[in-house]
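Go ahead and model the full structure; you've got the sequences and the hints to work with.
First residue of the sequence shown? That's 1 in UniProt numbering, and the numbers climb one at a time after it.
Calculated from the structure, these hints are not laboratory results.
Here a beta-carbon is modelled for each residue, glycine too, at the ideal position from N, C-alpha and C.
Worth double-checking, as some hints may not be accurate.
As the list claims (entries may be wrong) - Pairwise CB distance ranges (calculated):
| no. | residue 1 | residue 2 | range |
| --- | --- | --- | --- |
| 1 | W235 | D282 | 31 to 37 Å |
| 2 | N23 | F237 | 26 to 32 Å |
| 3 | D136 | L255 | 56 to 62 Å |
| 4 | L17 | H151 | 34 to 40 Å |
| 5 | C180 | L50 | 52 to 58 Å |
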Amino acid sequence: MSVLEFNNSNNVHYSWLQRFAGNIIRYGCTSRLQHIAIVMDGNRRFARDLKLERARGHTLGADKLFDVCQWCHDLGIKELSVYAFSLENLKRSQDEIDTLMNIARLKLNEIVKSLDKIHEQQICIRVIGNLDLLPDDIQQSSYRLMKETDHYKNFVLNVCLYYTSRNEITSIIKNLAQACEKDLIRIDDIDDDLIIESLIVSTSQTGHLPDIFLRTSGELRLSDFMLLQCRFSMWIFADVYWPAFSVWHLYWVILQFEMKSKTLTDIQKQCKNILQQDKTTDEKRNERIHTYLNWLEQQRIERLKL
Numbered sequence: 001m002s003v004l005e006f007n008n009s010n011n012v013h014y015s016w017l018q019r020f021a022g023n024i025i026r027y028g029c030t031s032r033l034q035h036i037a038i039v040m041d042g043n044r045r046f047a048r049d050l051k052l053e054r055a056r057g058h059t060l061g062a063d064k065l066f067d068v069c070q071w072c073h074d075l076g077i078k079e080l081s082v083y084a085f086s087l088e089n090l091k092r093s094q095d096e097i098d099t100l101m102n103i104a105r106l107k108l109n110e111i112v113k114s115l116d117k118i119h120e121q122q123i124c125i126r127v128i129g130n131l132d133l134l135p136d137d138i139q140q141s142s143y144r145l146m147k148e149t150d151h152y153k154n155f156v157l158n159v160c161l162y163y164t165s166r167n168e169i170t171s172i173i174k175n176l177a178q179a180c181e182k183d184l185i186r187i188d189d190i191d192d193d194l195i196i197e198s199l200i201v202s203t204s205q206t207g208h209l210p211d212i213f214l215r216t217s218g219e220l221r222l223s224d225f226m227l228l229q230c231r232f233s234m235w236i237f238a239d240v241y242w243p244a245f246s247v248w249h250l251y252w253v254i255l256q257f258e259m260k261s262k263t264l265t266d267i268q269k270q271c272k273n274i275l276q277q278d279k280t281t282d283e284k285r286n287e288r289i290h291t292y293l294n295w296l297e298q299q300r301i302e303r304l305k306l
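Listed below in structure tokens is the structure:
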């Protein structure tokens, strides 16, 4: 299978039952579902249970990501964010870190080789995190992919490398402080909505916050992944290791969301109404916010040109 080759449904082989169920879900359940965020957990335990080398588990996990991209695309889901490497993973052994970086290097190079097809299918790829810590060649591949695909919205893949939500929020706070120094905004302009809007600029091409927060492996932890972005998401913890995650598991996740989506939407509206009660319309403030967000987006684009 070619990496991220979505224009040919034969890249992933569906059984007739999987295809039938997928069509029902696509046309009946995904109209409100735009963005899924996934903590891809369980590679090492999957390898251990099958008596495989740990590196093999990570490789199978990376291959699974491309399957899930295909499944999401076929179901009409527009955006997928995945937790590929946490800053906390730097506490692991150097051998395992090197293995993970070699897999990232290999997969990014495969995607770079598929750029013609990616342009044809208008797929946007973003690598999010403290990229300065990445090896130079992985940085170069990451920035090349982002620069060449930044304007696409047919399908968006956000790969979080050397990432934690705390680190991301710290970066946003620094941006806000810099914007205040430049008189783009005032301190009184800063509120929770502005922080969320800042995060959307940095982590979402479509502007949609995650509808679903999914973690595999059965662990009931958030692991510092997109904590603010997922404040109104449906949290689902699937008791399956990531390399064993199947299209049936994805269908189950979507059905769980569909059964609760109206309740989630009502809660979101109530929370937003409460937050808006004490806010007054201030055109000058709105102009400052607009100027700041444009500046933030320009900062992001400028980094891609380096």
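For each hint, the structure was consulted:
| no. | hint | result |
| --- | --- | --- |
| 1 | W235 - D282: 31 to 37 Å | 35 Å, holds |
| 2 | N23 - F237: 26 to 32 Å | 27 Å, holds |
| 3 | D136 - L255: 56 to 62 Å | 44 Å, violated |
| 4 | L17 - H151: 34 to 40 Å | 38 Å, holds |
| 5 | C180 - L50: 52 to 58 Å | 53 Å, holds |
Hint 3 alone, counting from the list given before, is not met by this structure.
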